[in-house]
Amino acid sequence: MTATPERLHPTVMAMVVARDFEDGQVVNLGVGLPLECANVLPPDREILLHSELGMLGYGPVITDPELIDPFVTIVGTLPVTAQPGIVFMSHDESFAMIRGGHLDVAVLGGLQVDRDGNLANTQLEGKPAGNLGGAPDLAYCAKRTVVLMFHTTTSGELKILEACTLPLTAPRCVDRIVTDVAVMDVVAASDDRPGEIVLREVAPGWTPEAVQAITGARLTVADDVREIAL
Amino acid sequence: MTATPERLHPTVMAMVVARDFEDGQVVNLGVGLPLECANVLPPDREILLHSELGMLGYGPVITDPELIDPFVTIVGTLPVTAQPGIVFMSHDESFAMIRGGHLDVAVLGGLQVDRDGNLANTQLEGKPAGNLGGAPDLAYCAKRTVVLMFHTTTSGELKILEACTLPLTAPRCVDRIVTDVAVMDVVAASDDRPGEIVLREVAPGWTPEAVQAITGARLTVADDVREIAL
Amino acid sequence: MALVHPRGPRLIDKRIATFDEAVADVPDGATVHFGGFVSPWNHPSYLVAAVARQGASGLTAVATAMGRGPARSDEHSMWYPPERRPTDYFDIGLLAELGRIRKGITSFPVAARHSLVYPFEAQLARGEVEVEVTGQGSLAERIRAARAGIAAFYTPVGPGTAVAEGKELRDFDGVPHVLETALHADFALIRAQRADRHGNLWFRGARTFNETMAGAATVTVAEVDEIVELGTLGPEEIHVAGVYVQRIVERPRTAATSWEQPQ
Amino acid sequence: MALVHPRGPRLIDKRIATFDEAVADVPDGATVHFGGFVSPWNHPSYLVAAVARQGASGLTAVATAMGRGPARSDEHSMWYPPERRPTDYFDIGLLAELGRIRKGITSFPVAARHSLVYPFEAQLARGEVEVEVTGQGSLAERIRAARAGIAAFYTPVGPGTAVAEGKELRDFDGVPHVLETALHADFALIRAQRADRHGNLWFRGARTFNETMAGAATVTVAEVDEIVELGTLGPEEIHVAGVYVQRIVERPRTAATSWEQPQ
Chain A
25 MTATPERLHP TVMAMVVARD FEDGQVVNLG VGLPLECANV LPPDREILLH
75 SELGMLGYGP VITDPELIDP FVTIVGTLPV TAQPGIVFMS HDESFAMIRG
125 GHLDVAVLGG LQVDRDGNLA NTQLEGKPAG NLGGAPDLAY CAKRTVVLMF
175 HTTTSGELKI LEACTLPLTA PRCVDRIVTD VAVMDVVAAS DDRPGEIVLR
225 EVAPGWTPEA VQAITGARLT VADDVREIAL
Chain B
25 MTATPERLHP TVMAMVVARD FEDGQVVNLG VGLPLECANV LPPDREILLH
75 SELGMLGYGP VITDPELIDP FVTIVGTLPV TAQPGIVFMS HDESFAMIRG
125 GHLDVAVLGG LQVDRDGNLA NTQLEGKPAG NLGGAPDLAY CAKRTVVLMF
175 HTTTSGELKI LEACTLPLTA PRCVDRIVTD VAVMDVVAAS DDRPGEIVLR
225 EVAPGWTPEA VQAITGARLT VADDVREIAL
Chain C
327 MALVHPRGPR LIDKRIATFD EAVADVPDGA TVHFGGFVSP WNHPSYLVAA
377 VARQGASGLT AVATAMGRGP ARSDEHSMWY PPERRPTDYF DIGLLAELGR
427 IRKGITSFPV AARHSLVYPF EAQLARGEVE VEVTGQGSLA ERIRAARAGI
477 AAFYTPVGPG TAVAEGKELR DFDGVPHVLE TALHADFALI RAQRADRHGN
527 LWFRGARTFN ETMAGAATVT VAEVDEIVEL GTLGPEEIHV AGVYVQRIVE
577 RPRTAATSWE QPQ
Chain D
327 MALVHPRGPR LIDKRIATFD EAVADVPDGA TVHFGGFVSP WNHPSYLVAA
377 VARQGASGLT AVATAMGRGP ARSDEHSMWY PPERRPTDYF DIGLLAELGR
427 IRKGITSFPV AARHSLVYPF EAQLARGEVE VEVTGQGSLA ERIRAARAGI
477 AAFYTPVGPG TAVAEGKELR DFDGVPHVLE TALHADFALI RAQRADRHGN
527 LWFRGARTFN ETMAGAATVT VAEVDEIVEL GTLGPEEIHV AGVYVQRIVE
577 RPRTAATSWE QPQ
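Protein chains in written order, with this note's numbering: chain A, 25 to 254; chain B, 25 to 254; chain C, 327 to 589; chain D, 327 to 589.
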């Protein structure tokens with residue numbers, strides 16, 4: 025019996041997502057893990073980060089109180105950097121931008137994702153209601169939706185499933201799943217075949233079999249599956 | 025046989041309309057006669073004039089080329105005065121403002137008005153299509169719609185009718201009609217009686233009978249009908 | 327030749343001296359839009375506190391989030407050392423805690439962590455209040471529709487999820503859409519940085535629901551950091567035209583330390 | 327630790343050197359939004375002229391008015407003495423006169439006087455072109471809906487008149503409404519006063535359809551008086567975020583005197 029291989033650090037997970045942003049893309053980062061992407065982008069690259077509050081063009085999170093501008097914050101009232109060209113707008117305009125298909129990528133956290141690309145990420149167990157926030161619009165309307173999450177819950181429950189059991193945030197919306205052990209693409213169902221999840225990359229030390237063992241949906245292993253590299 | 029009494033000058037017609045604006049009201053003036061209201065408002069009164077182009081708070085038309093700002097113009101590219109507090113906006117916001125019921129008064133020109141308060145003012149005879157412009161939104165959505173027009177056409181045809189014959193701009197929208205001979209209110213139809221046009225004021229020298237004689241709808245003469253005064 | 331008004335002109339002046347006056351007529355059972363996005367710098371704190379003092383109850387509150395309440399209000403500025411955190415942040419969790427909210431229409435009804443329970447959430451779990459959870463995009467558009475005189479609209483966001491249940495679905499270009507209706511309020515309580523006496527508003531930073539809600543209610547009241555002379559705000563820089571705003575109130579120069587202090 | 331892009335960063339730069347390049351790919355049969363409100367100061371004259379030179383035909387033109395054409399273009403600035411009237415005002419009447427427009431979607435299809443006939447109107451009378459006349463409010467909202475991802479909406483304006491014929495009617499609160507659909511275009515050609523390389527735009531004066539159309543097309547091209555350094559336009563003063571704009575072109579310092587001059 026071999027030791028369980030190490031899982032990726034959250035910063036590296038964010039880098040795996042940010043690696044694939046193209047210059048000039050408009051990207052919305054969800055709270056928590058996804059926001060880490062803001063901190064790993066090279067300062068000389070122009071990726072326009074969008075915030076639902078009504079802001080486009082922010083940069084890394086600021087931790088030094090002396091540098092904070094309290095009017096430049098994102099969800100959770102987190103202070104961030106104002107990049108040159110930053111624009112402020114209203115909530116309705118911010119969501120017109122999302123819903124109108126003007127965002128290239130949404131990176132969201134996830135509680136569950138299934139092989140049809142359904143996403144559940146708003147309803148915490150035991151809570152009397154879910155926090156939808158802007159997730160339904162982002163997940164459904166961004167040109168590309170990436171879910172960045174730990175592969176399993178802290179108590180080991182599976183999160184990538186044949187079919188979500190929690191209330192859906194948005195249906196058939198996920199294009200890619202990046203976790204602490206793998207990178208997977210969701211291939212949408214078509215008339216003649218069901219949706220599938222294709223395993224593209226595995227974390228160092230992980231085999232496709234080891235990833236499959238902690239995944240609740242059957243994975244299709246890509247012919248060119250390889251180790252995650254930045 | 026007595027001589028036909030004189031008709032009011034367009035400037036006086038505009039003053040009859042402007043007389044009834046309340047301080048602070050938001051008013052849209054149509055092209056032509058209605059726009060004259062902008063020129064007769066006392067400079068120390070704050071009536072906010074709205075233009076569909078996306079402007080709120082303009083003042084009199086400017087004729088001296090040295091005083092013109094070509095970026096402060098209304099329909100017809102007419103240069104107007106920028107009053108303190110003037111705001112510019114987009115066309116969609118300008119019409120959100122109209123449709124959302126935020127305008128107190130719309131003063132519009134008219135080709136025909138009928139006793140149900142229907143308005144026709146966009147389709148010129150002989151033209152292959154009508155110029156709707158912003159009239160449908162203004163006529164239907166302003167809290168109060170005033171039609172300012174000559175009582176009859178230049179060739180003597182009647183314009184105030186039992187029922188409009190030209191294509192309607194908006195149905196059941198007119199509250200008041202001000203012409204060069206009279207001031208009339210349209211009382212909307214209710215379940216138990218049809219709409220009616222009430223004659224409130226007549227121009228100096230005019231009798232209710234003389235006004236009725238050039239009106240295609242039966243007028244109800246108000247008990248307190250009086251001579252137009254400013 | 328110009329008309330002279332017999333009474334003499336009455337200038338437009340939407341300034342109200344106190345927050346208490348500005349919300350005095352909010353009735354029990356009112357629907358109220360609350361602007362901002364859970365930050366001391368964009369939430370209408372003094373208006374919330376004034377509503378709390380005024381006592382209106384049975385409110386339907388439309389807001390991004392239902393608030394943390396006074397006990398946790400400084401969590402929103404945790405990145406500042408304690409001495410720099412605003413003492414005058416009163417979020418609508420205060421109204422929830424006082425039992426004034428009957429129903430919430432919101433995107434964030436609960437705390438984001440298992441370990442936290444906010445006042446509205448606790449009442450919801452006990453069945454004391456109602457909630458209508460709406461994604462933020464549809465909530466923003468429903469409020470904008472109220473301002474813009476649009477009765478209802480079809481959005482692609484919602485079909486296939488709980489928010490579309492019981493609503494009309496229709497395909498456009500083969501994509502399912504759901505019909506959402508305008509969300510008008512009796513009062514909109516918002517926050518801006520600058521205003522003039524016409525009610526023209528200017529905002530620093532993301533304008534959140536503060537811009538969206540202006541004009542989407544019968545009475546819009548703006549709490550502002552500063553009232554400036556008419557003409558100071560340039561015609562191209564005004565974000566909200568004064569016609570959408572009925573009342574403006576300036577925040578005090580000295581921050582309140584309790585919501586109970588009359589302002 | 328930060329990612330270094332293997333190719334080196336590529337900055338966002340939406341500047342296009344010439345108007346001819348900026349519209350080179352407008353295909354025959356395209357739907358095109360044209361911004362402005364019949365004024366030399368808000369109409370995208372150089373883009374219109376470039377489309378005329380480029381030759382695309384069978385266009386569906388969405389615009390406030392269908393234009394007067396070159397012969398009458400200086401009527402728009404009659405309040406200036408002749409020597410001060412712009413020589414470089416090219417309205418879409420030019421495209422109509424050249425026979426490039428197959429259909430107009432507009433609020434002002436004809437001249438406002440009996441005695442005047444503009445090019446599009448003449449073609450319409452002869453049955454050579456189609457027209458869809460829409461009130462300006464619904465036209466503006468349909469274009470905004472395209473930008474905002476709203477498929478359709480119910481407006482109270484239209485029922486009881488010709489514009490509602492053949493469309494779905496529905497009552498909301500006892501008031502009849504008509505369903506209007508989003509109006510997307512292949513290209514939006516607009517005019518602004520300032521832009522930066524991100525495509526952020528700033529306007530002088532009423533923003534007309536220029537703001538409304540930005541982002542309501544697959545490709546939005548902005549003709550601007552001046553391109554300024556990134557960061558010059560303040561985050562609170564930008565009217566249109568760059569994401570809605572794909573190309574920007576600066577107007578020449580010396581005004582053209584004919585639409586046929588390549589620019």
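None of these hints come from the bench; they were simulated from the model. Computed from a prediction, not measured in an experiment: that's the story for all the values here. Where hints are given, some of them may not hold.
Stated by the list, open to error - Okay, derived cross-link-like pairs now, EDC-like style, lysine to aspartate or glutamate, Cα gap no bigger than 16 angstroms in a straight line:
1. A/LYS151 <-> C/ASP354
2. B/LYS167 <-> B/ASP215
3. A/LYS167 <-> A/ASP44
4. D/LYS493 <-> D/GLU454
5. B/LYS167 <-> B/GLU251
6. C/LYS493 <-> C/GLU454
7. A/LYS167 <-> A/ASP216
8. C/LYS429 <-> C/ASP551
9. B/LYS151 <-> D/ASP346
10. A/LYS151 <-> C/GLU562
11. A/LYS167 <-> C/ASP339
12. A/LYS167 <-> A/ASP199
13. D/LYS429 <-> D/GLU458
14. A/LYS167 <-> A/GLU46
15. A/LYS167 <-> A/GLU225
16. B/LYS151 <-> D/GLU458
17. B/LYS151 <-> D/GLU456
Results of checking the hints against the structure:
1. A/LYS151 <-> C/ASP354: violated, 29 angstroms
2. B/LYS167 <-> B/ASP215: Roughly 22 angstroms between the alpha carbons, so the hint for B/LYS167 and B/ASP215 is violated.
3. A/LYS167 <-> A/ASP44: holds, 14 angstroms
4. D/LYS493 <-> D/GLU454: Violated, at roughly 25 angstroms.
5. B/LYS167 <-> B/GLU251: violated, 26 angstroms
6. C/LYS493 <-> C/GLU454: violated, 25 angstroms
7. A/LYS167 <-> A/ASP216: Cα-Cα ~24 angstroms, so violated.
8. C/LYS429 <-> C/ASP551: Violated, at roughly 30 angstroms.
9. B/LYS151 <-> D/ASP346: Given pair B/LYS151, D/ASP346 is violated - Cα atoms ~35 angstroms apart, limit 16 angstroms.
10. A/LYS151 <-> C/GLU562: violated, 46 angstroms
11. A/LYS167 <-> C/ASP339: The hint is violated at about 47 angstroms.
12. A/LYS167 <-> A/ASP199: holds, 9 angstroms
13. D/LYS429 <-> D/GLU458: holds, 8 angstroms
14. A/LYS167 <-> A/GLU46: holds, 13 angstroms
15. A/LYS167 <-> A/GLU225: violated, 22 angstroms
16. B/LYS151 <-> D/GLU458: With a Cα-Cα distance of about 15 angstroms, the restraint between B/LYS151 and D/GLU458 holds, given a limit of 16 angstroms.
17. B/LYS151 <-> D/GLU456: Within the cut-off at roughly 14 angstroms; holds.
Going down the numbered hints, you'll see the structure goes against 1, 2, 4, 5, 6, 7, 8, 9, 10, 11 and 15, while the others check out.
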